[in-house]
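> Residues per chain are reported as follows:
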Amino acid sequence: MKYVALVYYQERLIDAMTERDWQALNRECVAGVERLTEQGHFLAGQALQPVESATCIQVRDGEVLLSDGPFAETKEQLAGFYLLDARDLNEALRLASRIPPARFGTIEVRPVRELPPGDDRGETS
Amino acid sequence: MPILADIDSLYRRHAPRVRATLIRRLGDFDPAEDALHEAFAAAVARWPEEGIPDDPVAWLIRVGHRRGIDQIRRRQTARQQAHLLVPEEGEAAEGRGIEDDLLRLLFTCCHPDLAMPDRLALTLREMAGLTTEQVASALLQKPASLAQRIVRAKRRIRDAGIPYEVPDDAELPARLPGVLAVIYLIFNEGYSRSDGEAVVDVRLADEAIRLAQALARLLPRGEAFGLLALMLLHDARRAARQDAAGELIPLEEQDRRLWDRAQVEAGLAWLERALARTPTGPYTLQASIAAVHAQAERAEATDWQRIVRLYEALYRRQPSPVIALNRAVAVAMRDSPEAGLALLEGLAGHRQIVHYRLYHAARADLHRRAGHREAARQAYERALGLTAQGPERRFLARRLAALEVAD
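Those protein sequence lines, which keep their order, are chains B and Y. Heads up: the first sequence begins at 1 in the UniProt record's numbering, then just goes up one per residue. Heads up: the second sequence begins at 1 in the UniProt record's numbering, then just goes up one per residue.
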């Protein structure tokens, strides 16, 4: 089963970090991804640029509306995501609990929803 | 790749025992889960080339244990946890030890310090090897809630220091019934769902039977055999219990040719082994009752005298109103509906029993047999008011409608 682990934390906590601590955190995250990859759990994932870099798009009545994000003032900001392959939800939670920002932020784990396959694939087997 | 398919089926079959041993050696669930996964990942990487080892379970344990220790050492907590690590044992010590680890895991999952829903969830996931999602759907719960329940239960096992061990001979008689109760609850949860009509991909009855088979092998006690016999005999009626439309068919109206004869024979064989051991416990007695039904070719040929005696023996061990209720029904079948009704009236003082749907269903049935139409109608309505399950509700409603037609 596939799960997404969304990593949230308060960017101001990161801003307040020393350069050394920040580098150490990054190394820890890289090592974590290596381990997940070795175990066959890591399908994809990325860390994200700070929320100030976000652009939000809405399409209303065919009009494209652009704005700086995020819309809501939230305490924690989305900082990255992992797409994990796990046997079940408890395994996904166990893996997510090892994601380093879990110690000062929040990891939200959600099962993926498989969309129904399109019927225009044109396969005739 | 056939080897990968083999590894997959090895996982389903052997993951619980590999996990059980790793939990003991590494001292906690989570490092063991990691190590288990590493071991299977190593198998996927190496077996296609090297071939499957002669003893795959021992191989997986060995590799998992080494990787688990490496991990724990690497982590900061290594110093605090180092004393928990059990050193790797010689190969010779393995065989029996692995079996015992499964049993330890079962006793831990069924520990009386855990709430009953925790015990069910842990036993199904850790012992039966189901996924969180399968357990949740089988128990009609949300996966997210069930996952949290499992995480908290494991934390409780760790924090409360619930031992990872099989109780010694002195303690075993007190602890075994708790384990049997969890397995039987799993069976009953699948056998007669308490509500809803969810169709799930997991048959809880099969899982319970598999657990009881493992227990009977690991811990040869009369009541372990008795519980296995009881579940096999009940489950053998599966194909006859419902018609094609999913409507409930009571025991006396079932087409007994649809009963699974092979499973009946297996149940009777386990019962024989159970009866060879004394004292005869409550599961063995209930299995004996199921055996009387299993051995009657037609409902009319049922030896009700024997069933009454078995319920009396059961009542002496467990004087519960539910057993008294069953005994009353057996007496009604042996003697007359009125004789059974008189016994049922005597139970009306029990608070548990007056809210028990099967008490009113039994009263309704006996009034119906005795031709007391109005009393039967009232009792059916009372039973309906207490029943949530779809097929059971429709069965009662059909009986009620049949009364009205007869008017």
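Think of the hints as simulated: they come from the structure by calculation, not from any bench. We put the beta carbon where it would ideally sit given N, CA and C, even for glycine. Among these hints, one or two may not hold up.
[Said to hold, decoys possible] Here are some chain Y residues pointing at chain B (derived, C-beta under 7 Å):
| hint | residue |
| --- | --- |
| 1 | E33 |
| 2 | H37 |
| 3 | A42 |
| 4 | G129 |
| 5 | E133 |
| 6 | L140 |
| 7 | S145 |
| 8 | A147 |
> Closer than 7 Å between Cβ atoms is the bar; does Y/G129 clear it against chain B? Give me holds or violated.
10 Å, violated
> Using 7 Å as the Cβ threshold, decide whether Y/L140 counts as touching chain B.
16 Å, violated
> Could you check if Y/A42 really has its C-beta closer than 7 Å to a C-beta on chain B?
10 Å, violated
> Does Y/H37 meet its interface restraint, that is, does its C-beta lie within less than 7 Å of any C-beta in chain B?
Hint on Y/H37: holds, closest Cβ of chain B at ~6 Å, below 7 Å.
> Minimum Cβ distance from Y/A147 to chain B below 7 Å?
Y/A147 check passes; min Cβ-Cβ to chain B is 4 Å, inside 7 Å.
> Verify the interface restraint on Y/E33: the C-beta must sit less than 7 Å from at least one C-beta of chain B.
Nearest chain B Cβ about 6 Å off; hint holds.
> Can Y/S145 be said to touch chain B, with a Cβ gap under 7 Å?
10 Å, violated
> Closer than 7 Å between Cβ atoms is the bar; does Y/E133 clear it against chain B? Give me holds or violated.
6 Å, holds
Hints 3, 4, 6, 7 from the list above are not met by this structure, while the remaining hints are.
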